[in-house]
Amino acid sequence: MSLLTPNPGLIFWMLVVFLLVVFILAKFAWKPIIKGLKDRENEIQGALDLAERTRAEMVKLKSDNEKLIAEANAVRDQILRDAKDAADRTILESKDKAAVEAQKMIDSAREAIRNEQQLAVTKIRKEVATLSLEIAEKVLHRELKDKAAQEQLIAELASSARLN
Amino acid sequence: MYTHLRLFFTTALVAATCLFNVPTRAAEPVQHEAEKAVEGINQAEHKIEHNLEESEEKFNIGQMIMHHIADSHEWEITHGVVLPLPVILYSADRGIEVFSSSNFHNDHHEYNGYHLVHGDAETIVPVDESRTVYDFSITKNVASMLLSAVILILIFTSIASFYKNNKGKAPRGFQSAMEVIILFIRDDVVKPNIGPKYEKYLPYLLTLFFFILVNNILGLLPGSANVTGNIAITMTLAVLTFIVVHLNANGNYYKHLVKPDGVPVPLLLIMIPVEIVGVFMKPFSLMVRLFANMTAGHIILLSLFGLIFIFQSIVIAPVISLFALFLNFIEIMVAFIQAFIFTLLSSMYIGSAIEEHSHADHGH
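Residue numbers (the numbering used here), protein chains in the order written: chain D, 1 to 164; chain H, 1 to 364.
These aren't lab readings, by the way, just hints derived from the structure by calculation.
Remember, predicted model here, so these are calculated numbers, not experimental data.
It is possible that part of the hints are untrue.
[Claimed, not checked] Below, simulated EDC-like cross-link-like pairs (lysine to aspartate or glutamate); rule was C-alpha separation at most 16 Å, straight line:
hint, chain 1, residue 1, chain 2, residue 2
1, H, Lys167, D, Asp88
2, D, Lys27, H, Glu199
3, H, Lys169, D, Asp39
4, D, Lys38, H, Glu179
5, H, Lys197, H, Asp93
6, D, Lys147, D, Glu137
7, H, Lys169, D, Glu101
8, H, Lys169, D, Glu43
9, H, Lys167, D, Asp39
10, H, Lys164, D, Glu57
11, D, Lys38, H, Glu199
12, D, Lys138, D, Glu151
13, H, Lys259, H, Glu275
14, D, Lys35, H, Glu199
15, D, Lys35, H, Glu356
16, H, Lys200, H, Asp187
17, D, Lys67, D, Glu57
18, H, Lys164, D, Glu41
19, D, Lys38, H, Glu275
20, D, Lys126, D, Glu111
21, H, Lys200, H, Glu355
22, D, Lys31, H, Glu179
23, D, Lys35, H, Glu355
24, H, Lys197, H, Glu356
25, H, Lys167, D, Glu116
Work out the full structure, taking the sequences as your base and the hints as a guide.
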């Protein structure tokens, strides 16, 4: 039964050796190993977190970009629309202006024509009056010599003068 | 596959022949010196030697197995290749004495007033029986244990330097191989059983695991010592775990021993002794489990090889070698399993001793 009786010498050496191994390994092996493992785990976790954050940021950025593009498109459309409106308005305005101008010109021409007409009529009247006076003078001049003829002439003149 | 098998075959056969050359040093003629006071011891000694002589002709398997399992004052690597180890003795009158175990290689196995008795296990007894002597020799087991300690320290300090020098890089080579085991012990054995305060106990438990593992595997090599199959070793490990548990145990643990929850008062008469026996049963079971498993494995392997020498047949040898090969694989597995179980149970005992008894925690 020597197999089941522990040997005190062996227990002594076992205690010494095992405790030494525990202390040496704890100080020089397990501490750096466990620290290294933990550091690496933290690093990996950090990298994963960063990736997750970056992805979220990318998504946000993408949606921002889309929003920006949509805004830009809207602004462009607005500008185009405004420009078109402005052009239309300008054309319309020009047209109106031209029409007004033309009307004005027509009006002034008409006025001028009327004035000229008036003038011409007045002139003609004056001419007629002068002519009548001259005729009358001439008639008078001749008729005064010939009485019968004068009378005849006056009658003639009177009938021709009733033109107006 | 075939070459592997052949390799193992030859290794197993060589190992078998190496292992079973029982020492035949003690083949001197018996002399009777009646005037000596040590007659009794000598006679006992001679009887054993006589047995050994006999066993040369008549192979004694039991003795062979015991010889290989027990501790020794010298390291017999194979027959004839013997490494003498230092004998360290302490006695009150002579103080500390150190000499080589090869000094016992004489007719009566006597040196300087000490007698080396070969039995199931070797013991050194003083020739003068009135003296008491304490044997602190570096025996085969101590030497093997020192070797394993050196191996452990070399392996893990070199791995630790990997971690220091290659910070932030992926593990490579041997580092990754060990890392798997370290992480397994940390994440699957220690952490779930001890809980959040596991880091304090991790160095002890990791050392425990690797110490048992390395010694288990060293013990499987031909010509090596049976360290973890020695009850002194397993007892020391179990007692250390016992001490760690009881130094760190909290009030709940001790209160539970004398007043278990929800037990009616009359039952306490039974429960308290049971609880207290349980306290000592845990390290006892640790001790016996490791010792018995490793010793049993060695005995089975040695018995198988012994069969070759009993049958002395060329036909039976390959069959038994094949069987021994299979058992060797099982023993490698057992080496890992026993190291794992010792560590697992140690962490469970520590965990149960430091557990805070909040019942909300029981949901896990």
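Checked hints:
Taking the CA atoms of Lys167 (chain H) and Asp88 (chain D), the gap is near 73 Å; set against the 16 Å cutoff, the hint is violated. Between Lys27 (chain D) and Glu199 (chain H), the direct Cα distance comes to roughly 14 Å. Compliance with the 16 Å bound is thereby established for this hinted pair. With a C-alpha separation of about 11 Å, the suggested pair Lys169 (chain H) and Asp39 (chain D) falls inside the 16 Å cut-off, and the hint holds. Our distance criterion of 16 Å between C-alpha atoms is met by Lys38 (chain D) and Glu179 (chain H), whose separation comes to about 12 Å.
A hinted pair counts as satisfied when its Cα atoms are at most 16 Å apart, and Lys197 (chain H) with Asp93 (chain H) does not qualify at roughly 50 Å. The suggested pairing of Lys147 (chain D) with Glu137 (chain D) holds, with an alpha-carbon distance near 15 Å, which does not exceed 16 Å. Straight-line distance between C-alpha atoms of Lys169 (chain H) and Glu101 (chain D) comes to about 88 Å, which puts the hinted pair past the 16 Å bound. Proposed proximity of Lys169 (chain H) and Glu43 (chain D) is supported: the alpha carbons are some 10 Å apart, at most 16 Å.
With a CA separation close to 9 Å, the supplied pair Lys167 (chain H) and Asp39 (chain D) stays within the 16 Å bound. Only pairs whose Cα atoms come within 16 Å are accepted, and Lys164 (chain H) paired with Glu57 (chain D) is rejected, the gap being roughly 35 Å. In summary, the hint linking Lys38 (chain D) to Glu199 (chain H) is supported, as the alpha carbons are separated by about 11 Å, within the 16 Å threshold. Under the criterion of a C-alpha separation no larger than 16 Å, the hint pairing Lys138 (chain D) with Glu151 (chain D) is consistent with the structure, at around 13 Å.
Restraint check for Lys259 (chain H) and Glu275 (chain H): satisfied, since their Cα atoms lie roughly 10 Å apart, inside the 16 Å limit. Only pairs whose Cα atoms come within 16 Å are accepted, and Lys35 (chain D) paired with Glu199 (chain H) is accepted, the gap being roughly 11 Å. Simply put, Lys35 (chain D) and Glu356 (chain H) have alpha-carbon atoms about 27 Å apart, too far for the 16 Å limit, and the pair is violated. Between Lys200 (chain H) and Asp187 (chain H) the alpha-carbon distance is near 14 Å, which keeps this suggested pair within the 16 Å criterion.
Proximity of Lys67 (chain D) to Glu57 (chain D) is assessed by CA-CA distance (about 15 Å); at most 16 Å being required, the pair is judged to hold. Restraint check for Lys164 (chain H) and Glu41 (chain D): the C-alpha separation of about 15 Å stays at or below 16 Å, so the hint holds. With a C-alpha separation of about 39 Å, the suggested pair Lys38 (chain D) and Glu275 (chain H) falls outside the 16 Å cut-off, and the hint is violated. Among the hinted pairs, Lys126 (chain D) with Glu111 (chain D) is inconsistent with the structure: their alpha-carbon atoms are about 22 Å apart, more than 16 Å.
Proximity of Lys200 (chain H) to Glu355 (chain H) is assessed by CA-CA distance (about 14 Å); at most 16 Å being required, the pair is judged to hold. Between Lys31 (chain D) and Glu179 (chain H) the alpha-carbon distance is near 14 Å, which keeps this suggested pair within the 16 Å criterion. Taking the CA atoms of Lys35 (chain D) and Glu355 (chain H), the gap is about 25 Å. The hint is violated against a cut of 16 Å. A distance of roughly 11 Å separates the Cα atoms of Lys197 (chain H) and Glu356 (chain H); the hinted pair therefore holds under the 16 Å criterion.
Only pairs whose Cα atoms come within 16 Å are accepted, and Lys167 (chain H) paired with Glu116 (chain D) is rejected, the gap being roughly 112 Å.
In the structure shown, a violation is registered for the earlier hints numbered 1, 5, 7, 10, 15, 19, 20, 23, 25, in ascending order.
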